[in-house]
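Participant: Letter by letter, the chains look like this.
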Amino acid sequence: MADANFTPADFNHHSVEVMQDPYALFREVRSKCPLGYSRELGGFYFPTTYGEVKRAYSDFKTFTSTQGSGLPKQMVQLLPVELDPPLQTRWRRVLDRFFTPEAAENDRPRIQGIADELIDAFITRASADAVNELTRPFLAMTMLPILGVPLEDRIMLSDKLMWMVHYRTTDQDGWVARYMEVEAYLTGLIAKRRTEPRRPDLLQCLIEEEFDGRRLSDGEGYQVVLLTLFGALDSTSSAMSGALYHLAQHPEDKHRLLSGAVPWKGALEEFLRYTTPIQALRRTVTKPTELDGCPLQTGDVVVLLSGAANRDPAKFPEPDTCIIDRDARDHLTFGAGGHVCIGRHFARVMLEVCLKTMLRRVPDFAVPAEFVPRYTCSEARALTALPITFTPGRTMAA
Amino acid sequence: MVSITYIEHNGSSHTIEVSEGVSVMKAAVDHAIPGIDGDCGGACACATCHVYVAEPWRHLTGEASQDEKDMLECAIDLKDESRLGCQIALTEALNGIVVHMPPAQR
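One line per chain: the protein sequences are C and A, in this order.
Under numbering that gives the first Met the number 0, the first residue of the first sequence is numbered 0, with each subsequent residue one higher.
Under numbering that gives the first Met the number 0, the first residue of the second sequence is numbered 0, with each subsequent residue one higher.
Think of the hints as simulated: they come from the structure by calculation, not from any bench.
Beta carbons: idealized from backbone N, C-alpha and C, even for Gly.
The reader is advised that the hints may include incorrect statements.
What the hints assert, rightly or not - Quick look at which bits of chain C chain A covers, simulated, 3 or more residues with Cβ under 8 Å:
1. 245 to 254
2. 371 to 383
Unchecked claim - With beta-carbon atoms standing in for the labels, derived distance ranges:
3. C:P372 / A:S18: 40 to 48 Å
4. C:P287 / A:A103: 36 to 44 Å
5. C:T320 / A:D66: 38 to 46 Å
6. A:G10 / C:S216: 38 to 46 Å
7. C:E207 / A:A31: 51 to 59 Å
8. C:G265 / A:S18: 19 to 27 Å
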C-alpha cells in the first residue's frame with residue numbers, strides 16, 4: 000500500500016464524537032489525497048470532493064445500490080432505493096406521483112395548518128424545544144397522511160425508527176427487536192388496509208397497483224413503506240432545525256429574509272446545503288474502477304458523504320459559512336442521479352413554510368447562549384434539541 | 000451557439016439559443032422550459048427528459064445507446080422517435096433542431 004493514493008482515516012458515520020463536527024475530518028482528508036479510506040465497518044472508501052461524490056451518485060452501473068444503501072446494511076432490502084435503474088425507475092415511476100412539485104405545492108395549505116397548529120401549542124409560553132415541539136412532529140404530520148400511516152402511531156414509530164437508524168452499531172439486539180416490531184406493525188397495517196375502503200394514499204397504491212408488471216406482496220409493501228418512513232420521520236426536520244439555529248444566531252439574516260433583501264428561494268437551497276440532513280449513503284463497486292485516481296475493485300464499499308461534497312471549497316467558497324445569498328442550487332443534499340430524494344419537493348415546501356411561519360409569528364426567537372448543540376449520528380445527522388426563547392405571542396384562534 | 004425549439008404537447012413552442020455541447024435536457028432545465036424534468040441530472044437514470052426527435056433531425060442525433068433504450072422503456076408514451084434529452088449533446092450540426100414533448104414525464 001506504499002503507493003496507495005488515498006488518505007487513511009479510521010472513522011465511521013455512527014461515531015457520536017466525530018459526527019458532532021464531521022466537517023473537520025472531511026476537510027483534513029480533502030486537503031491530502033481527497034479519497035479517504037476507513038478500516039471501520041468492514042472497510043470503506045469515501046470521496047470528499049464534490050465532483051467525485053456526484054460522479055459516484057450518478058454512475059449507478061459502477062457504484063450499485065443493490066448491496067445496500069446504508070452501512071451497515073439495514074435488516075431488509077429497502078425498496079426501491081436498493082435497486083438500480085432501470086428496474087428502480089420502473090418502481091419509482093409508480094410512486095413519483097405522490098411526490099411531484101405540484102403535489103407538494105397543492106398541499107401547502109395543509110402544511111401551513113400543521114405549522115400553525117404546532118406553533119400554537121407553544122407560542123404563549125415564551126420558550127420551547129424547536130426540534131421536539133416543531134420540526135420533528137411537523138415532518139411526520141406532513142408526511143404520514145400521504146403514506147397512509149396513522150398519525151396516532153407517530154411517536155411509537157418515530158422512537159423505533161430512530162433506534163433502527165441511529166443505534167444499530169451499538170445495540171444489535173435492540174435493533175433486531177425493533178425491526179420485528181415495526182415489520183409486524185407495517186405488514187399488519189397493509190393487510191388491514193386491503194379490507195378497508197380505498198383512500199388516496201401511498202399504502203393504497205402499494206396494495207393495488209402494479210410494480211414492474213405485478214402487484215406487491217405485503218412484505219414488499221413493507222419494504223417500500225419502511226423506506227418512506229425513514230424519510231418521513233428523520234430527514235427534513237434536520238434542515239428545519241439547523242436553519243432555525245442559524246437564524247437565531249444571525250438576526251441579520253432574519254431581517255434580510257423578512258425585508259426581501261435576500262430571496263427565499265436561494266436561501267432555502269443554502270440551508271439545505273449547510274445542514275445536509277442525510278450525510279452518508281453507501282454504494283458498492285461492481286467492476287474495477289477508480290476514484291480520485293485510486294484503483295477500486297469489485298466489491299469495494301464506498302460511502303458517499305453528501306456533507307463532504309457540500310463543504311467542498313472548490314464548489315462552494317467559504318463552505319463552512321451559511322451564506323444565504325449564495326447560489327447553492329447544485330448541493331447534493333438530496334443525492335443525485337436516479338436515486339435523487341423522492342421527497343425533495345415536499346422538503347422544500349416544509350422548510351419554507353416552517354421558516355416563514357416562525358419569522359412571522361415568533362420573530363424574535365433566540366437560542367440561549369449556553370446552548371451546546373448535540374447531533375444524532377448515522378446516515379442522518381440532526382440536532383437532538385433546539386431550545387428557543389421568545390416574546391410570547393397569540394394563538395391563531397386568539 | 001445552437002438554436003433549439005421545444006414544442007410542448009399542447010403545441011406551445013419555445014426557441015432558445017444555448018452553448019454548443021449542452022444537452023437537450025440541460026438546456027431545457029436551465030431555461031425553465033416546461034415539460035422536461037431531468038430529475039437525475041443527466042445520468043441516464045430516470046427517464047424524465049423524454050422527447051420525440053423526428054426527421055430530418057433524427058439521423059443527425061444518432062441512435063440511442065442500449066443503456067438509453069433500457070431507460071426509455073420506463074418512459075410514458077414511447078414512440079419510434081423517443082429519445083432521452085440528456086443523451087443528446089447540442090452540436091453545431093443540430094443547430095435549429097426541433098424536439099417535441101410527450102404528454103407527461105411521470
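Participant: Now look at each hint and say whether the structure bears it out.
Facilitator: Hint-by-hint comparison with the structure:
A stretch counts as covered by a chain when three or more of its residues have a beta carbon under 8 Å from one of that chain; for the segment 245 to 254 of chain C and chain A the count is 0, and the coverage is violated. Under a criterion of three residues with beta carbons nearer than 8 Å to beta carbons of chain A, the stated coverage of the segment 371 to 383 of chain C fails, only 0 such residues being counted. The beta-carbon spacing between C:P372 and A:S18, approximately 44 Å, falls within the hinted interval of 40 to 48 Å. Taken as a hint, the range 36 to 44 Å holds for the pair C:P287 and A:A103, whose Cβ atoms sit roughly 40 Å apart.
A hinted range of 38 to 46 Å holds for the C-beta pair C:T320 and A:D66, which are about 40 Å apart. Our hint of 38 to 46 Å for A:G10 and C:S216 holds, since their Cβ atoms are close to 44 Å apart. Checked against the hint of 51 to 59 Å, the pair C:E207 and A:A31 fails, with Cβ atoms roughly 36 Å apart. Checking the proposed 19 to 27 Å range against C:G265 and A:S18 shows it holds: the Cβ atoms sit about 23 Å from each other.
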